[in-house]
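Fit chain B to the given chain A structure using the hints.
Protein chains: 2
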Amino acid sequence: MQMDGTANPQAERLIQAKGESLFALMQKYPQAGIFSKKGAYARIMDWSMKDPVFKTQLFRFVDVLPSLQSSTEIVRHLQEYLGDKAVELNPALKAGLAASSFAPALVAAPVKAQIVDMAGQFVAARTGDELIKQIKKNASLGIATTIDLLGEAVINAAEADVFLERNLEILNSISRYFEKERTPCFSDLGAQGCLPRLNLSIKISALTPDVHPADPEDSIKALKNRLRPILRRASEVGAFINFDMESYKLKDLTLDLFKSIFTEEEFITQPAIGIAIQAYLRESEHDLKELIAWARKYSRPISVRLVKGAYWDSETILAQQKAWPIPVWQKKPESDANYEKLSILLLDNSDIITANFASHNVRSCAHAIVQAEARGIDPKAYEFQALYGMADELKAALVQSGHRVREYCPVGELLPGMAYLVRRLLENTSNEGFLRIKDRNEATTYQLLANPLTHIASAHEPLKQPEAAAGAFVNAANTDYTLRSSREKQLADLNDVPKLFGAKWPVIINGKRITDRTLISSVNPAKPSQVIGYYAKATREDAELAVKTARAAFLSWSKIPVEKRCEILFNAASIMEQRRFELNAWEVYEAGKPWIEADADISEAIDFCRYYATEIKKLQVPTVTQHVPGEKCTQSWTPRGVGVAIAPWNFPLAILTGLVVAPLVAGNAVIIKPAEQTVGVGMLLMEILTQAGVPDGVLSFIPGSGEEVGAYLVAHKDIDFIAFTGSRDVGCKIWETAGKVSPQQANLKKVVCEMGGKNALIIDNDADLDEAVPAALYSAFGFSGQKCSALSRLIVLDEVYERFVERFVAACATYKVGDPVHPGTMIGPVIDEQAKHKISELIESGKREATCVYQGSVPTEGYFVPPTVFTEPKLNARIIKEEIFGPVVSIIKVKTLTEAFNLVNDCEYALTGGLFSRSPKALERAISEMQVGNLYLNRSITGAMVERHPFGGYKMSGGGTKAGGNEYLQNFLFPKSIVENVLRRGFTPVETS
Amino acid sequence: MQMDGTANPQAERLIQAKGESLFALMQKYPQAGIFSKKGAYARIMDWSMKDPVFKTQLFRFVDVLPSLQSSTEIVRHLQEYLGDKAVELNPALKAGLAASSFAPALVAAPVKAQIVDMAGQFVAARTGDELIKQIKKNASLGIATTIDLLGEAVINAAEADVFLERNLEILNSISRYFEKERTPCFSDLGAQGCLPRLNLSIKISALTPDVHPADPEDSIKALKNRLRPILRRASEVGAFINFDMESYKLKDLTLDLFKSIFTEEEFITQPAIGIAIQAYLRESEHDLKELIAWARKYSRPISVRLVKGAYWDSETILAQQKAWPIPVWQKKPESDANYEKLSILLLDNSDIITANFASHNVRSCAHAIVQAEARGIDPKAYEFQALYGMADELKAALVQSGHRVREYCPVGELLPGMAYLVRRLLENTSNEGFLRIKDRNEATTYQLLANPLTHIASAHEPLKQPEAAAGAFVNAANTDYTLRSSREKQLADLNDVPKLFGAKWPVIINGKRITDRTLISSVNPAKPSQVIGYYAKATREDAELAVKTARAAFLSWSKIPVEKRCEILFNAASIMEQRRFELNAWEVYEAGKPWIEADADISEAIDFCRYYATEIKKLQVPTVTQHVPGEKCTQSWTPRGVGVAIAPWNFPLAILTGLVVAPLVAGNAVIIKPAEQTVGVGMLLMEILTQAGVPDGVLSFIPGSGEEVGAYLVAHKDIDFIAFTGSRDVGCKIWETAGKVSPQQANLKKVVCEMGGKNALIIDNDADLDEAVPAALYSAFGFSGQKCSALSRLIVLDEVYERFVERFVAACATYKVGDPVHPGTMIGPVIDEQAKHKISELIESGKREATCVYQGSVPTEGYFVPPTVFTEPKLNARIIKEEIFGPVVSIIKVKTLTEAFNLVNDCEYALTGGLFSRSPKALERAISEMQVGNLYLNRSITGAMVERHPFGGYKMSGGGTKAGGNEYLQNFLFPKSIVENVLRRGFTPVETS
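Those sequence lines, one after another, are chains A and B.
Using our numbering, the first residue of the first sequence is number 1, and each one after it goes up by one.
Using our numbering, the first residue of the second sequence is number 1, and each one after it goes up by one.
Calculated from the structure, these hints are not laboratory results.
Be careful, since some hints might not be right.
Treat identical chains as interchangeable: a pair holds within one or across any two.
[Stated by the list, open to error] Using 25 Å as the maximum straight-line C-alpha spacing, the simulated SDA-like pairs for lysine to any residue come out as follows:
hint, residue 1, residue 2
1, Lys50, Ile352
2, Lys50, Cys633
3, Lys618, Glu924
4, Lys632, Ala470
Chain A on its own, in the form it takes in the complex (with noise of 0.2 Å):
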């Protein structure tokens, strides 16, 4: 970390000075009994710290303990959690959970109360009465309130209606008390005298569903109308409103937000308002400069409340696995520096801003406490701000030393809480929390106040990863559009690509461009109005000769040094990289892809081209069999000839890149037949790798009829191999047709074959339904269902089926149809006209055979299908049985996972399929009894990336190979045995290798 100034020796005397004394006044307030040494939660977090196994086991019972509905159910699942054999238990602990299982009441009603009841020492209040208690019993210790309303995640708009509903009544019932109750407490008096007392935090996210942080502007538009009233309702009962920041890809989302209502005229000066800042955020500096320079722009007096940051894990792991810069400072110190310069930045604007110091270390609060003195700032012009249930004797010694203390208080159901509660046992019991570190006496006093900047060489990173090793393969990272200057470059590519479209698309043999032949154009399937381009129909005597140009070139290619070859695709790579917004672009106009799924899909491709480089480098390293004195065994591979990839349109860069650079890199020549309806993306493709140094003849470029020129290359006597992704008919009958050996057939053909699916997701009932149903959603929805992992059979056990269903469907709403050009549409249209027919014509079908309990509304102009759901089908419906590939799902309520197994494998098809659960043992079932190619547990079941989830299926799904799978270019490779008999003369060389 680069934290500009150092300490300063006389500031950190103070501080120390300060903190010594703010330890000293806890001293005399102790801690209530739940951070005593004693009770079932001290004994509980003391083991959880021990053995991490323990903990993880633990909290996940937790979590899942809300979704239990029966005391054979939680025992079973406190079995399955804590009888797992990594988990070191506590001999009376074991004991108990043995014999749980013969008085599941006994021992599920103490257990679920224990834990409802370490929910009650962070959940202040359940209902409106208990709040106002803690109200009153905070002021009686000169304590303010702020309210915090629990819940689940919404997802819904109804979600969102009783969200916005609770918050109306809890200012309501809240003012109704502080009308009556008069007397404000110590720390609701400023320095300018009484603040609002009723002080409100709100979540962003709990407001509307209709939240899509690539598409800011719809969504501060929904935002904005769920906010006013409640804005409203404050301004007129004085309450004060405060932004809670949540994570990070909400978070410039929820600054705009900020900025632009409160500067429109209903409340350019009341409320009172505040916001949250992140002091782990590595732009949370910047983000509060801004912020500053707002609020003097507008003269409008906000509280800033500075906070650490509650989400640090996930922020850093999702980072991670997204490949995109990691937001939060990766060691702790550095949070804890980065939180005392922004202390400072606030109480050098204590004119205009307000600063609510939100922590639980002394350190920071004896800083804050240091520096305002040090400004001659009055202490009433500033607030402490801790979490209920947490360091109360931290806020009785910042009362008692004359500083105003808010308490957080959330509120709400315990059970839905639980969440919270996981969030506060894991800040309870993490390696660097403070309390954690000052309870158990972990460091010194002197320690615990030092100057944070001293701790950060020092310090670790918790969630560090190991780095790649060089050469090794990693995704490429998908475009961040939560940043403005990514939506602008997309937003100027689908600006300048159609100026190309009307252009003639050659067939292409030996690097020459043939465009003299039947021109077909390709179409806009949200305009089919607007024509993409003509493409030049190959004929069978242009694949005869391409089949010709391959053999020829096949002879030279597969000698040209693997390095070489690798070279050329890391450089398409590189190539599609740099073009990545204008290929989106084509993608959009093209395939009628919305902004993320085209991106997804030039990152896969980038990912294939770098992926089969290396992995083709592992494999050209012989392999010894077997260390045998005297022989030299080993295996290597050789190409196989030419081929032909056979494409379809819904991954229109990313399929074809794969089908045509894995064999490539093998060394093998290739032959491509791309799509139809996306000849356009198929010919940017054989620009990139000509382009990226692929010689003329190697590759084809040979669009036109798969019944005719398709069809003719996969019986070629000269072709060895076929890689085909597409429907099962079109499959099979290459399958068939492979079969056949001519008489003059150098090789046995070889088929790589993915074809369709009709994938299922179950729903057990302990699953988390926060999670599960924008899972759901996004499975069968995402890109209309044109993916042949698209979710088509939700699977939903019954005791959760009601909540599910009614989750699921009231979300369907928020899944915008409409042209993929606007970036917040998630369904777009159905690639051309045919699939249209096909589709409703299943849905139809589906109205006979089901219930129809969603249908969306859909454009008038364009190929599109609106988004149906049925329930209660018939087991043997069209809709259950038939690939759809379109926005269709259908529940089914099942009795028990046995049944669901049961039905995800009554199928023709094995291609992906989920399951959501939170029993250990339901996800092991799953892995061994659910007959797919690709199984997602707890997450939407597509989205497949390159080496992280070979993807690929068996039955009617394809022949069980894995595109993006470390053995998928052996398909395009023959093995080859080389044995050396090393012996001469009796004496063999020192084995070198």
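For chain B alone, kept in the frame of chain A given last:
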């Protein structure tokens, strides 16, 4: 080593003293030029000892030199060997090497001269005249002589004739010399007067090519025929004949021959005889005791030349390759200690045995002298022997001390004697050689003279193999038929098995044995009148029932823990090991397999069981595809379902076992369709697997017609895979049938398809013909050429063509044709009348399209085809293009390697192929240019071993799968990607894997 007796301190003191006095004397007779510290030889030895890579490359160059016909070739090889980047060349040598291309003649001549000169330092004489000069010179120093005739390996009768003639000649010419020159030298005078002055050492491997260690009876007969003329002449001229000892596999044969021929009436008292005993053999003490007993029994005084042994490396390596017990002591001091033990044994029997101590080790000599003195033995009653060109100072010192010394004088042309040079070079550069240690002052005199027993504990084992990891696969060892016990067991089972002939072998479905079907006989191809048994011919209804049964059985079998399935395979392997001799016998009778071929087939079957069981255990551990924060991403494997195994008759147990147990252990149910010709062996496999624990129904046994039940099963909608090995026609038909997808078919059918070959072996101009000829012979004629890997096209470079053809054709007759029950049979019958007819017809076509240069003769009964060799074939002749599957080979002459590779590749098959060459570049070219699935360099092209040589080809040889390779099991599995989102409420478990 368990050496009994510990060092006797007094004896040790005497030995040290004797040794020191010998050293002192040696100082007075310093070694002549070659061992001085100056000169090319010394420099080369020095570099070799410093750089093991240089040593290997140099010695390899020395080895190939005699075969190089031109300066260009000499320079090319020099550059290829010493230009290897791993060689750390002396800068001068490097510069010379670089310059050598410009003037090959200038470099080649001196290089060759220098190496010939080097050989000259170890070869006593090229001609009889030169030998006489050496005898004279030795005599003048008081040293006697023993003669050894150098030469190439004797691989045919003509070569044996030449060798016999050379022996007789030398006996004639040298005896004439001794008649003229009548004064005995110092060492000619023994305790009882003058010893035979003409002393000839003989290697039995040079006497006749008809040595078959597994068939000692016939071998001894052939050897005696060759020996008698020599012994007769020796008796006539009063010469002494010594039997040298060579490789371990000939040791028992040599001892038996010695004991047998010298009890023949004619030779019971004369000539004077001796034999070598190799102290490095663990069995040498036993052998020596037997020998002494024999001498006593027949009152025949004999000499015993006690040597350490010269083939330590190759004995160790070959035993390791075959997994046989290593016959030699693994630590050098163990051999030395054993030498002393045997020395004492010899001295203790000096009444009947004359000890010849043949060692350059001063300690060994001193020990012998001291022990002889202790026993009061006249120093004239024993002698020392040493090699020509080595240890001259020791010879002098011994003579000086009053001991008889005999020099072992190799006689022959220098270039063919290069192999002898290499052995000497190795000896002189060995890390453990006494001479090296002494000359390089690597040990003190005291250490050099210490009792070897004291060195054993700390000595290392130079060729020690690392222990196989627990659970690692280890190939089963073939039977060592040189052991009498093995031969006896085999004969017993060959005797017993026919008692079981004539049984009815059932169809087996779900454990039910069905015999009421048409019965078809299986006969002994060597004696077609002998019926082995009758099999019940399965019907389509049987096949249908088998599929139903298998589908049901699959459900439970696939769920059985993989460990259990592996255990069953390990059981089966153990049963096969236990019943090996019986199974061998069945194959001898039913398939007409010679002993060693049958035995290798059983080993391979055992290997398949153990290897696939070992591999599936690895596959069942899910592989982490990528380490992703918050996600657990793995790939694992799931069985395909139900398949059919269709096997050929030529490896009746091994291939069938492989095709069955691979899918079986992977969790599939398998229907066994054994070859019609070898149902009996198939039945044995079914029984063994059942006995090993495969549950009923998981395997069905469906003997019958391939066209009928085979085809029915392949086309069946409920068959998921076909594991096939057999003919191209049937393979292609299966490939085509399996390609069709029936409406209710669950999976695309996987076909593992191994078909024929038309295999070629290239003989390069610089090939080592001593090795190439036997390898070609075995590759072409082993099991009558009835292997898909068998050699069919011998492609010979023109410079070596004549020499090769001459030696090869002459060697053909050494391959015995006959009933394989006889252990010496190399060529048995072909499998049936149809095969005989087809091969005979191809031979007839060959006679029209090529020159038949050899045709063997065959028995009249049985399906025998004479081994046949063609030369000068038309390149499009049927014998060149079609697979023959019989004992027929064609030799093609080519001008260049490029032409040779083109010929190899101009072929519809790509299975096995090989190259004999001593050019590193040629070997490299073969690796990249020869289109074969299995490439064999400098060895035979058949006999692939499981894991070591994964087997299978491409083109019309197969689909590119590798039986016995580590990807093989994947053919019977589907890959499954599993991803679990492990991030819950923002936290992930600690990574435990």
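Outcome of the hint check:
In the homo-oligomer, the alpha carbons of Lys50 and Ile352 never lie at most 25 Å apart, since the shortest distance is 47 Å inside one protomer and 82 Å across protomers. With identical chains, the CA atoms of Lys50 and Cys633 are never at most 25 Å apart, being 50 Å at best within one copy and 27 Å at best between copies. Proximity of Lys618 to Glu924 under the C-alpha cut-off of 25 Å is restricted to the inter-copy arrangement: shortest distance 20 Å between copies versus 33 Å within a copy. When the C-alpha separation of Lys632 and Ala470 is checked against a cutoff of 25 Å, the pair qualifies only between copies, where the shortest distance is 23 Å, while the shortest distance within a copy is 29 Å.
In summary, the structure is inconsistent with hints 1, 2 from the numbered list given earlier, while agreeing with the others.
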